[in-house]
Structure formats: structure tokens, C-alpha cells
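J.: Given these sequences and hints, build the entire structure.
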Amino acid sequence: MTYSTVLFYVFAFLTIVSAVYVVTAKNIVHSAYSLFVTLFGIAAFYILLKADFIAVTQLMVYIGGILILMLFGIMLTQKVTDVEIKIRILNIIPSVIFTVGITAILLFVMLTTNWRIKTPVVYESTVGEIGRQMLSGYLLPFEIASVVLLIALIGAAMYARKTK
Amino acid sequence: MQPQILSKITYFLPETVLIITLIVCILADVILKKKSLVVSGLAIAGLLVSGYFVYLQYGMEASLFKRMIVIDPYASFFKFLFILSTIFVLLFAVSSKEFRDAEHKNEHTYLFLSLALGAFLMASSVNMLMMYLSLELVSLTSYVLAGYTKKEKRSSEAAMKYIIYGAASSGIMIYAMSLLYGYTGTMNIYETARILTATGTVSSPMIIIVLIMITAGFGYKISSVPFHFWTPDVYEGSPIPVTAFLAVTSSAAGFSVMIRFFATTFLKSSAFVAGSWQIIDGIKWTEIIIVLSVASMIIGNFVAVWQTSMKRLLAYSSIAQSGYIMLGLVVANQAGLTAMFIYLVAYLFMNLGAFYATMMIANRLNSDNIEDMKGLGYRSPFVSISMVVFMFALSGIPSTAGFIGKFYIFSALIEKQMLWLAFIGLANSVVSLFFYVKVVKYMFLMKPDEGYDSKVQYGYGGYVMLMLFAVPTIFFGLYFVPLVKFAEASASFFGLR
Amino acid sequence: MVQFPILGIGILSWIVFLPVIGMLILIFIPKAYEKTIKYVAMIFPILQIILSVVLLMNYNKDLAGINKLESFQFVEKLSWINIPALIWDGTINIDYLMGIDGISLPMIILTSIIGFVGVLASFSIKRNEKGYYILYLFLVTGMMGTFCALDLFLFFVFWEIMLLPMYFLIGIWGGERREYAAIKFFLYTFFGGIFMLITIIGLYFSSKDPVTGLHTFNMLTLMNPAAIDPNSLLGGVGTNLRYLAFVALFIGFAIKVPIFPFHTWLPDAHVEAPTAISVILAGVLLKMGSYGIMRISYPIFPDAAVWFMYPMAILAMINIIYGALCAMAQKDFKKLIAYSSISHMGYVMLGIASGTAIGFNGAVFQMFNHGTITAVLFLSVGIIYDRAHTRGLYDFGGLANKMPKYFAVIIIAFFASIGLPGLSAFISESFVFLGGFKNETIRVLTIISTLGIILNAAYILWTIQRIFFGTLPEKWNEITDINGRELLSTVPLLLIIIILGIFPSPFINLMTSSVNQLVNIIWHLN
Amino acid sequence: MEIGLHHYLIVSAILFGLGLFALISRRNAILILMGIELILNAANINLVAFSHFGGLGVDGQLITIFVIILAVAEAAIALAIVLNLYNHFSTVNVDEANTMKD
Amino acid sequence: MDYTLKYLPLVILLVPMFSFLLLAFFGNKLPRKGDFIAVSLLFINLALSLIVFFAFAQTGKYSYTVDWFNLGKGNLNFTAGFVIDELSSIMLIVVNAISAFVHLFSVKYMEGDAKYKKYFSYLGLFTFSMLGLVLTNNVLLMYVFWELVGVSSYLLIGFWYEKPAPQEAAKKAFIVNRVGDVGFFLGIMIIFLTLGTFTFTDIFAGIEAGKLQGGLLTAAGILLFCGAIGKSAQFPLHVWLPDAMEGPTPVSALIHAATMVAAGVYLTARIFVMLSADALTFVTFIGAITAFISATIAITQNDIKKVLAYSTISQLGYMIMAIGVGAMSFGMFHLVTHAFFKACLFLTAGSVIFGMHHVQDIREMGGLRKKMPITYWTFLIATFALCGVPFTSGFLSKDSILAATMAFANINGGITYIIPIIGFSVAGMTAFYMFRLLIIAFLGEPRNKEKYDHCHESPIQMTLPLIILAALSTFVVFSFNPIGADSGWIMQMMKTPESLLTGTKGMIYHIVDRAEYTEMLHHAHYPAMFLSLAIAGLGILLAYVFYHWKKVDVEKLTEKIKPLYNFSLNKWYFDELYDATVISFTMAISRLSAWVDNKIVDGVVNGSATVTRWTSFGSGKFDNVVVDGLVNFTGGLVGFFGLIFRKFQTGKIQTYIMFLVFGIIVLYFMFR
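Chains as they are written, first to last, in the numbering used here: chain A, 203 to 366; chain B, 178 to 674; chain C, 98 to 623; chain D, 41 to 142; chain E, 102 to 773.
Just so you know, the hints here were simulated from the structure itself, not pulled from any lab data. Hints are all accurate, no fakes.
In silico SDA-like links for lysine to any residue, alpha-carbon gap of 20 Å or less:
hint : chain 1 : residue 1 : chain 2 : residue 2
1    : B       : Lys-328   : D       : Phe-129
2    : E       : Lys-216   : C       : Asp-578
3    : C       : Lys-223   : B       : Tyr-555
4    : C       : Lys-502   : E       : Leu-123
5    : C       : Lys-535   : E       : Ala-320
6    : B       : Lys-624   : C       : Lys-227
7    : A       : Lys-228   : D       : Glu-136
8    : E       : Lys-748   : B       : Val-471
9    : E       : Lys-107   : E       : Asp-186
T.: Right, dumping it as C-alpha cells:
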């Protein structure tokens, strides 16, 4: 058992448990906080996978952006003191069956498939390489991503604009 | 910047023009407040210019941006389709009452443009990441558009359903793509094909689940069963121009990416020759498409029978129509591809026409309920007769373009000796008559209720628009040489043939 | 290649598309000018009659047609769709190919006559005349085209296109349950159409024109066994797929004929349709099915045709007897005539199933005769309905004295309908039976079918009795006899019925050579 | 035992399943969005893991970046839409917004 | 005389047609509705027929044929033509004569009828058809006219269609005839398909050449004879004729006594030479059975016309039987004599009915002799003729037939003796019932005083034909020898031809050559004559005993043999039998078919109703949306599945995603 092994299991446990809590919590605010833990755990995986830039991005964008956004969303749409905050679970039996089913299929696939395994390429820091790639091979996606963000902006603005 | 990336930048002109138009439109909107016609005019002009560039590059083949996207007749065909439909939809929007009533006047213009841009990229992507990205671009724009009339309760509900369903589907798709990436180590579909071919017989469960999950992503875009559930609700809730756009442009974009994905990724890379598509052994994607297509036709047609809302009816009809188009993919050869192209062009005219007529009627009646159209044929003959043309075209009656589309699809099937499939498809088109004719029935065979005598009013613009759809629908039904020639010339992938 | 051009356009194109010109003219006549609309609409069927007389005068009855383009007449061949292509092994070639032979000529004459009669009968239409006549003319074009087309694709287009006006004509101007009847008619025929379409496409891919080496939709080429690629879908002789294709095609046509058990649309459609449309429906439309069998199914699939003669004869027999039995139980005059049509089309089918020259002659002749006779009958129903607003057989009685002219008209038609000698149907029915009798495999069925003669007589006489005999109910005291326009629409048909009953030879001579050629093809004579 | 590809894949599969579970079973729109984020994160784990173990360098990471970008855009629009929905329905329980159905 | 025989028959044929058309189209504009034209035309026609007859007598058989139409180059040729031979020339006279007299008679009889014009035009049409039937030399054409005769008789029988009975009778006549005609037609088909011709001469030539033989020939013969069964009202299709008496009485005289019903006999005579031994047996027995059955029925009938009708059937049976036993010329002879005296009987009956103001029941009559002397005397003469009393024409022909049956029995022996036995017993019964009729109607005391008082003798237009016809019922017309017709012109002219199948033997019958047969006939002549005289006398005597002298209480006797009496009175229950079997069966089948068509065929195709009932959910909606316009098999099915499918569209996004996931799983397991 190496460090990384231990760390992996710890974070895997953390991630999964918190994720389970995210989807099952009665209180949506608890879910949101629990999601924080999950996302953090995933960021830790990225570090374990030597993807430092992604890990940072994960922390910044997800935790700093999306999660906050969602919390705002929750705040805006829920009165915290309200009982409404506690939400029931729908379709419990079929949803359990289907999700377990599809997870089982995926696990089966994961374990049986002959994945492509090569020696990992090790970078000093991935940032430089990512930057290089971003402006060469991934130039177009990069540009398009900006358009996507523009549209998201316009769209969000459109919705957010005050109704007369 | 590395010169080799930009060496072929001229090939990217159509998209560039679109992006520029998009920005110009935004600026124009900011500067010229509330002069929607100007902005729309600008957008149409931009689209036409873009179309001109597409025309210039029609027939060329090239790959751009390190094989992120390609230029080939296939993509150009779809680009023409998108430009045409976007122009039409922009014209729709001008006369749409829903849009007129919406408080924001011009956002839709650049949203439509960005949608067109996304569709352009979808048609030319050869990289799964690009596919995902462009698909998301289209989707995000559509989500916004679906809820465009945000004062409308139904519109916001539609947007909500659409985004959740869309996000789920695309999430599933990117997950599957990640798996495929893990197997082949590349996102480029040509590379993928090469690697898969080299593996020999691929029949692992992985490929199957990946196939299905990726199909979920595309299938949601083309609203194929069982990924169609959003369609009726969103179509019903969205403003009609948006619905038309979703039904035609967005769905055609879905086809453009889906066809290319399947027809490149899972074909033997060594056998990229005309007419004979050799599917990699063990990958049963045609079977999957058969199931989806048959299910789409059956469910689409059968449920459409029950609809009373015109938009919902057209939604189910779109589901069924995508089933027919998929039949062309099942054939998995050049003829099938051509047939799909022909169908798509026909579909563009007849479906947009149907939506336009619906919109004109709904503008006046404030309802798209078929029962409210009772006896409309006598009060507003022109729009009603046009509607009849579109309905019969959609059901595939000869001498309409719809028939030619079906004719080619089924010809391709029969040539491949898929008789049963042809029969199922044709039998379904009988079923489809039920509801298409129902519209006709309400318009012409039923008398309106007492005191119900509202006429649909439209200016010359309305006439011209209806003619724009109806004339090609009939013309291509009677003389389909240009249609077929265009389709055949376009039925060529980059690197294929 | 245009033969017999008028203003540079072939006469067949004229005859087919004249009504379209009429439509265009009608579109520009304002709705209010009802009279003008009527008379303009009337001009075109008259012109068609003139043209079909011209056809008749210039027709060379010695040329057989059927499978040889050289012996077709007034042929027009223009390339319609011609796309050199990579897919589908080369060129996609659809010709605008029209021509007539001894099988189609009678049908064209019939169509033009019935088309004219129909316009006359349409004068009782009182609402939205403009739309009515436009659709009516459209319908006539569709029918004419079907009988002229020699290219399968063209044929199919005409075949299906005719559904649309029919749907509206029944659905808008029909009776109480018009919507139901219209949709039923539409769906049934469309359903049949898909079988046809599958077969047509299958044939296309199985063909290989010996001259050009390409696939073809040309019926005449397809009739040449050498033009069918033996390794293709429908290649070979007597393969299962060929039988299947024959059956599919047959279903398509059978629905139109209609043949049991595909007949149920017919009573509904007839009952609900306005008079003129019933006339067209019974007079011409039904013939398209049997015409199609003779024109397409038989010569292209002679092997299957021979194999299926027995089952077809069974169906024909069922049609004859079952139709007559059902007619007997009807209480509605129009429905009775509708079922009698089923019975009479059974004769046509029996003639076709016989596979003999005399049977075919009888079938074609019977098609013509049934057209004229049933037209008169439906017109008569319309006449009485216009006056009494009911068609219940039990509502009448004693009309013979009140409406003597009407009685005279209808009784001739009735007697023609039961195959009375001296009237045209007798000869055709005799031919049919002779043909059926000649073919040993279906001889027994033919003998059973002759029961139909008795049953037909029974219900027709019963009908006469119920409507014309007995005492006149009070309520019909004011009823008036047939008027001039109605006489104009019925008497010419009656004259045809009588003249052809006495001097059938000019008419039969038109078709004999074609029919003999057809027989030769089926039995591989020559 | 060395941590290999499969470990990450299993975690990702479980996360994917949980995400789907949220989609199917939760009524709250925001929770559903969280489910979508879980699915996307599962995909991201895959991409990074494959990239790492498959010797693909930063290729997979780049893709991950784009997925994250899209997730942001999607989340933004989705929240805007959800807020709009709340204005109309006074709830974010998506099953209650079912005025349109067959 | 060439032209006489070439064109005159056509003129004769077309004259009544002309009369028909003239009256039908212009009758109302002519004075007296043109009846005088019709009458005079017919008399002209009679004269022309006589000319033709004499021309024929001079030059012999003449046949003229033209092409009617053909199919292809000579392979199937349909011809039309006429033949003047002994059969047709005599028939021409008979038909025209009777028709002319009936025309004349009708002028007064039908006077004042609302459809006076129609009546005469129909008579013209009928005469035309009948003449055509007689003249043609071609079996198909014969069938054509055969049917036309049927139609015109339909029109005439149903002439008073305002009343229900004539309608029914007309319909019955037509349909029953049709049954026979189908057989006739099938026979024609056999002949045409084996011999390729319709012309009698060619048919006979073909048979002689052996192209058609054995069972098929027998079948063809019997099938052709089926036509005769229908038209000549032979058992089992005899039921229509008594009912046909609903027509005007002159019509009965024309159609149901002299001409139309004789057509069957004429046909049988025409085809006599081609009938095989078995076919002839069949013919014989049909004739005999008919003769017997109808004679037994006639005994108890009370309607004057019904009695005559059954007697007609009986006599037709005689004729058929005569042809069957090989004495075709006797059959024809009887046809001719019978035509005149039966026409006379019917017309006298008409006269009585006219005089009695439409009373037909003989129980209402009585003592008419005094009021209507001419009618009585003519009736008496005709009755004598019918009963075969010497010095009448009937005596000549009937005895010949009886002799022929005896000869026949002598040749064949065994069971065939039943034929002469039937023949003689029928002769006895005939005498009995005719005199019963005569006695009840004309002798004794009037039973209905009121009617009797108003009764009067008919005018000259009516009595004149009676007198002529009565005169024509005497022996001199046919033969100067009152006890033997052999030397008479008619028998000299009309000889039984040699059968084409002479020498063959069927199951019973033996066709012997003509010489041998004539020999046997000579032997049978006198025994038959005496026997028949005795039996006829006995019959007459019994009638007098029963009804005139009333030595036997008829009522009591009737009571004693009630079942038999009822059996006879109810016509052997044939109508009831047919009603219970054929007709109700057909009607049931017809209703069943209609039901099946409505419910099952349409129902299977429609399907919707059943499917809805099974599913029962959303039925209100279903009616609105689907039944309302889309009911149909597909409608039902589509609607049904559509209903199920649309249940998935719940409007809840979670459900949608659930189905999406479910879809993925299902697809995975489908393609795993």
C-alpha cells in the first residue's frame, strides 16, 4: 500500500458516500454541501492522476462557480425555513432498478473491456502542454467554447432581465 | 500561432461569416433598439453571404483545425439546408405573433444564428469532442429559445424539460464518448475507425453500450424513440418559429452528425469506397438503428393520431419522420444516404410549410388546436390548401416531394432486400394518413361551430411564404431531377468514396 | 416521339391534361359565377369525348399492344426523370410514356363518357361549386392518366393522385357519414398503394433493360422475361418472391376492384358520395383495379398469374355470389347498387382469372358495360334521392305510374344489370362464363358462379317491385318525373347499352388483338 | 495493490449511476442539475484516467476542460430557466410543472 | 321465292318490334293509343307468316346466317341467322295467329285500363321476342330471345303491378325461369366450347362427327333441356305458371297457353336429334311427372284460370313426354293444336271474367251457358279438344302421343310402362277436371245471383277470336281424317327426324331408328285410341256424376280423402317446400352475408369497436377522437396502441428520463 493507494481509497470513499448523500438527502441544502465534498474528492482524483491543471480548474470552476450558482438558486427558490425544503424521492423502485441496472452494465463493461494501457506520459506541469495544445490542436473547440459561453451569457441575461 | 492551422482558414469562411454576423447583430441590436427588421435583415444577409461561401466550397474536400472539422460535399449539403431553414425561420419570426408579443425583440435573431453556427459545425465535425461541443452549442441555444417567451407558463416549462432532458442525454453521450476514447485513445472518428478496423472483430459489450449511449445523445437531437420524450412537450410549449426550427434545423443537424458518426466510425477504414460501406464486423449499429427507426415510426404515428394540438401533432409527426429518415441509414450505403438527403430536403419544405401555416392560423385563432380549424378551408382557402399540400406531402402522397423522399428511402431498402422493413415503413405511412388527413378533415370536411368565422389574415408576405414552401413541395414531387442530382452529388464524405 | 400531335402535343396528353387546363381556368373564375363555372367545367369532358372519338377513328385495331411498344398507338415518350447516377447501377430513368392499346382504349372511352355524365349529374351540387368542379376535373385527369400510362412510376403517380380529389369530393359533398366514408376509401386505397409501390420498386431493381442494361420502370420492358435479371429479387420463374410480388400487386388492385375481403370501403363510399361521384367511382374507378391486373400483373408475372388463377377465381366467385347475397339484404337503394357492383366486378375478375381470350374479352367488355350500366343506376338513385331525399327501398312503391320515364330508364338499366340478352352486359357476362368454363381448372367455380345470374335477378326484381310496383304512398304524390338534364345524362348511356348489346362487334374488335396478345404472353404462346 | 485504471472507472461508473438516480428520482430541479453535474464529472474522471493510463498525455485533460466549460454554461442557463420556472409555478419541483402532457 | 324467304322472316320479326316502339314512344299521341295499329300490324304479320309458310312449302328449308361478331381472326365466331323449316314456319303461324287474336280480343278486354298503351306495346315486344326465338337458327340467339321472352312476360304478368299478387307472380316467373336458364346457358357453354359453334346445323354436324359424345353430350342435352323445364313450366320449376295467371287473361292466353310456354317444347324439339338416350329418358320422365302432378292439382282448383293453368302444365308435360319418347313430331303437333284450343279456353275464360266483372272463382259462377252462349259453345269445343274427344284436333294429337308412349314402352319394356300408364291416367283426369270446370261454371244454377244478373255476353271483338279459335280446334284444320293425323298436312310436313344417335342405348332408353319406331307406332295406334277414348269418356262421365247429376256427394268424398284433397288443393305443397327450403335458405344466407359484411368483414377491418370494448379505458375520448372519423381496423389498432404509448407521455421529466434509461438498458440487452 502506497500513499497514493490509501489516498485513492480515502477519496473514493469520500466521493461516493458524499455523492450518495447528494442524491438521497432530504434537505436540498445538505445535498449542495455534500456535492461540495464530492467535487472536492474528484479534484483529488485528478491530482492523483497527475492532472494538476484540471484539478485546479475543477476546484475553481465547479466549487467556486457552479456550486455557488446552485446555492444561489436554492436560496432564491426556497424559503430555508420552509418544510418544502425537504423533498421526497420519486419513482423510488424503478429508479433504483434502472440506475443499479445501468451501473451494473457499466461496471461489467469497465471490468471486461480490454482498455488501452500505455505508459503514462509524465509532464513537469501540464499547464504548458495544455496551453500549447489549446492553441494548436484544440484551437477550434476553444473558439467554439467561447461562443458557447457567449450564448450562455445572452441566454442567462435574457432570462434574468426583469419582466416588464 | 502555427501557420499550418490557419493555412486553410478560407475554408472556414462560412462559419466565420456567421460568427461575424452574430456579433454584428448583437451590436446592431444594442445600437438600433427595437428595429427588429433591420437586425433580421442583417442576419439574413449574413446567412446569404455564408451560403455563398458554402457554395464556393461545395464539392471540395479538406480537413481543418487538425482534423477537427472537414469540408466535404456532405457538410456543404447540410449547410445549405441550415442556411435555408434559418432564413425561413427568421422570416417566420418576423410574422410571429408570439415573438411580436415577447418583450425582447431581437435576441432570437442571434440565437438563431448561433444555432446555425452550431449546426454548421455539427455537420462538419469529425472529432467527437467537436461533435459534443457543437451539439451543445445547438442545444444551449435551443434551450434558451424554447423558453423565449418567458412570460408564457408553457414556454418556461418547455425550456425546463428541454434542458434537463438535453443535459441528461448529452451527459450520457459524453460519458460514452469518454469510454470510446479510453478504448481507442482518440476522439477523431477516422482514427477511431482505423483502430477499430485494426482490432478486427469487435463485439465487446463496451462497444454496444457505447453505441447505445452515443445514440442517446444523437437520438435526442433527432427525437428518435426512446429518446424522444421531450419532443411533444417542448414543441407544444415553444413559440412556433422555434418549434419549426427545432423540428427542421436542429433535427437535420442531429442527422448530419449522427450519420457521419456512424458512417465513418464503424466502417472498415480500408473500404472507404463508393457504394459499399463495409461495417466493422460485430458492431451491430444498423440493427440498433432499425429498432430505433421502427419504434420511432410506430410510436410517432400511433400517438399522433390522438393529438388535438397542431404543434403536438407535428411533434409526433417529426418523431415518425425521423424514423423514416433513419431507414435510409439502416441501408448503410450510398443509395441510402442519397435517399436520406432527398428526404431531408423534402422534409425541410413540407415541415416548415406546415409550421408556417400553423403559425399563421395560430396567430389569428390564438390556438393551435385542430378542432378550432373547423371549416377554415372555406374562410381562408389559400392557407388551408397550402396546409393540405403539406399534410399530404408529409404523408407521402405522390406528386409531392414527400413521396419522392419516401420513394427513395424505400427503394434503397428494397434494393438491399430489406423488404420487411420497407413494408413496415410503408404501412406506417398509411397510419400516418390518419392524423394528417385529420387536419384536412377539420379544415374542409367539418363545418365551423356557430358564430365562428374568423379568417386568417395575411399580407402578400404570407402568400409568398406559403408559396415558397408549397411550390417546391409540389415541384420536386413532379420533377425531382435537381433534387436527386443535388443529393447524389452531396452524398460524399470526406475521405470516403 | 409524339404521335398524332395537336399543337405539338400528343393527343393522349391532351386527353389526360385537358381537365387540368379546365382547373386552371376555373380557379380564376370568381365563386359567384356559378353558372359559368358549371358550363366551363362541362366543356372539358365534352372535349375529351371529342378527342376520344378522334382516338377511336384513328385507332388501328389490328395492332395488339400489350408488350410491344411498336404496336401501341398514339405513343408519347418523353424523358421525364433522367439522372445519371452512381447509385442504383447507373441511370435512373423514368419516362413520360403513354400509349394505348385494345385494353386501354375502351377504358378511355368509358372515362370520357362517364366524365361527361358525371358533370351533368353534378348539377345538383348546390354548394361551393367552384371547389367541386376543380376537384372533379382533377379526378378525371387522374383516371385518364392511369389508363394511358405505360410507365410504372407514372402509373403509380396517377393512381395515387386520384385519391386526393376523391377524398374531398366524398368528404365535402357527401352524405351524412361522409367523413368516415372518405377516410375509409382513402386509407384502403392508400394501403393497397403501398403494396403496389413495394412491388414496383422491387420490379425496378430486378429489371435490366436488354438494350440499355439499366433498371427500368417501363412496363413493356418489364414484360420481357429477358429484361428481368435472373439473380435479382424478382428474377427467375415461379419463385416465392415472384408469387409474393404478384400477391402484393394483386392486393393493391384488388382493393380498388374491390375484391372480397377488401371490399368494405365500397358500400360506405358509394352511399355517402354524391351522385356524380358514385357514378365515377363505380363507372371508372373500380375498373382501374381490374385494368391494372390485366395491364401489369398478368403480363409481368405470367408464371404467378397462372398459378394464382384458381385462387383468383375463388375470390371472383365469392364476389359474385356474396355481393349478390349482400345486395339482397340491403334496405338502402344506393347500398344495394353498391353491392351489386361488387357482384358484377366479380364477373370481371372471373373473366380475368380464366386466362382465356374470350374471358379477357368478356372482362374488358364487362368493365365497360358495368361502367355504363352502374352509372345509369347510380344516376337513377341520385334522381330519386334528389326528389325524395331518401333512398330507403321500403319508402317507395308505385312509382312506375308516377314516373313512367324514370321507370323506363331504370328498368332498362336493371335488366342490363341482370345480364338480359340484347343489352350489353349479356354479351360480356356470357364471355366471362365461356372463358371460365373453357379453363378447366376453374370450371367448377364458374358453374357455381352462374348462381349469381339467378341471385342478381332476384334482388333486382325485388328492388323493382319495392320501388315501382304496388301503390304510391301519399307522400310521394308530388314527385315529378325525370327532367331533361337527367334524361340527357342517362339516355345516351342506355343507347350505348342497347347498341352494344345488339352490335357488339365494333367494340369487341377494338380489343381482340390485344387480348389475344395478352393470352399469348401468359401462356407463352407465339 | 497498485491503483489502476479500473479503480477510477469503477468510481466513475458509480458516480454516473448516482447522477442518473438523481435525475430520475429527485423532484427538485436544482438537485436534478446536480445529478447532471455528477454525470459530467464521472465522464471527466474517465477522460482523465484514460488519458493518464493510456499514455495520451494531456489530450484527455483538454477534453475535460471543454466538458467543464460546457457544464458551466449549461448550469448557468439551466438555473436561469429554473428561476423562470419558479416565477411561473412557484415551485422548482419539476414534476409539478406538467401542464403539457398527453 | 328467294326473296320471300330471305327478307320476309325479318319483316315478320320486326313488325311487332315496330309496333312496340311506335306505341311505346308515340302511343299517347295516337288516336285510341294506337291499338288499331298494333292489331292490324299483327294481322298483317299473320298474313306474311302464311306467305312464308307457303313459300317454304314450295322451296323447302331455308337458312340465312350473318356474322354477328367475332373474337380474333375467325377463331371464335358468333353468328346470327334465321332458319325457315317445318318447325319454325308452323310456329310462325301459330305465334302470329294467336298473337293477332289476342290483340283483337284485348281491344275490348283491356278497354279503359290506365296503361292501355303500355299493354299493347308490351304485347308487341313479346311477340317480337317470341318470333325471334322461333326463327333463329342459332342456340345463343335463341337464348337471347328466350330471355327477352322472359322479360316481356315479366312485364305482362306484372302488368297490374299496383296489386301485390301480380308483382310477386312476375318476379317469381322471372326468377324461376332464370334457374332453368342457367342450365340452358351452361348447356350452351358446353356446346360452344366443344364444338365452337352456336348454329344448330353445325352443332348437329359436330355431334355427328363425334366431337361431343358420351356423358358430356348427355349433360349438354339435359342442361339445354333445363331451359325448357323453366320456360315450359315442367316439374320442378312449374310453380311459376299458375301464379302467372295474375296477368291479364288475354296475356295468359297468349303467353301461358300458346306461345311462351311452348318455347320449351320448341327448344326440345329443335335439339331432339342431339339428345342422347339418357337425356331422352330424363326428358320423358320430367314430362310424365309434370303431366301427372299438374293434372292431380287441376282437379281441385277453383279458380278458372288456375285450372286452365294446371291443365296447360299438364299438356306441356305431354308434349315434352312425347318428344322424350321419340315422337317429336307428335309433340309438336300437340303443341300446335294445344295452342289453339288452349288459347281459346283462356280467351273464353277471359270472356267469362269480363262478363262476370272480374270473378274468377268458379264457385261463384254457374249457369252461364244461358247468359253467354257463344262463350259457352266455344268453350265446350275447346274442352272437347283438350279432352281428346273425337273430331277435335286434340283428339288427333293426344292419341298420337299416347300411342307413342305405348310404342315406347313396348320397345323398352320394364319400368317404361309407367309412362303410358301415366299418360292415360292423365288423359282421364283431364277429362274429369275440364268437365268439372265446364259443369260448375256453365251448367246448373247460378250460385251468385247478383253477379249472374249483371253478367252479359262479350262484344264481337271478343267473341270473334273465340269462334275462330274454336274453329281451329277441329280436326279438319289438320287432317281430313278425323281419327288419324298421319295423312294430314301437318304430319306430312313434320316428320320426326332421325336421331343422330340412333342405335345407342342408355340406362333405360333405346334409340331405335325411325322406321322401326314408326312400325311400333302403327301397332300402338288403335289400342291407344280406344283406350284413351274409354278413359276420357270415363272421366267425363265421372264429372257428370259428381257435379251435374250429383250422384255422389262431393263434399263427403272430399272429407273422406281430406289429406289427398288438401295435397292436391295445395299444389303438392311445392310453393311451401320452396319457400321453406330454397327461398328461406337464400334469404337467410343473404341476411347472414349482409350481417357478416357489416359486422365481421367490416368489423375485423374496423376492429375498433371490439378493441375499445376490451380496453374500456378512455372510451369517451375514443369515440370523440377515433370513432369520430377514423374508425377502421387501423384506426382501432392505431388508436389502441397509441393510447398505450401516450401513457408514457406523462408530462413529468423524471419519467421521461426514466424511460430513456430504460430504453438504453433494453437496447443493451437486445444487442448484447
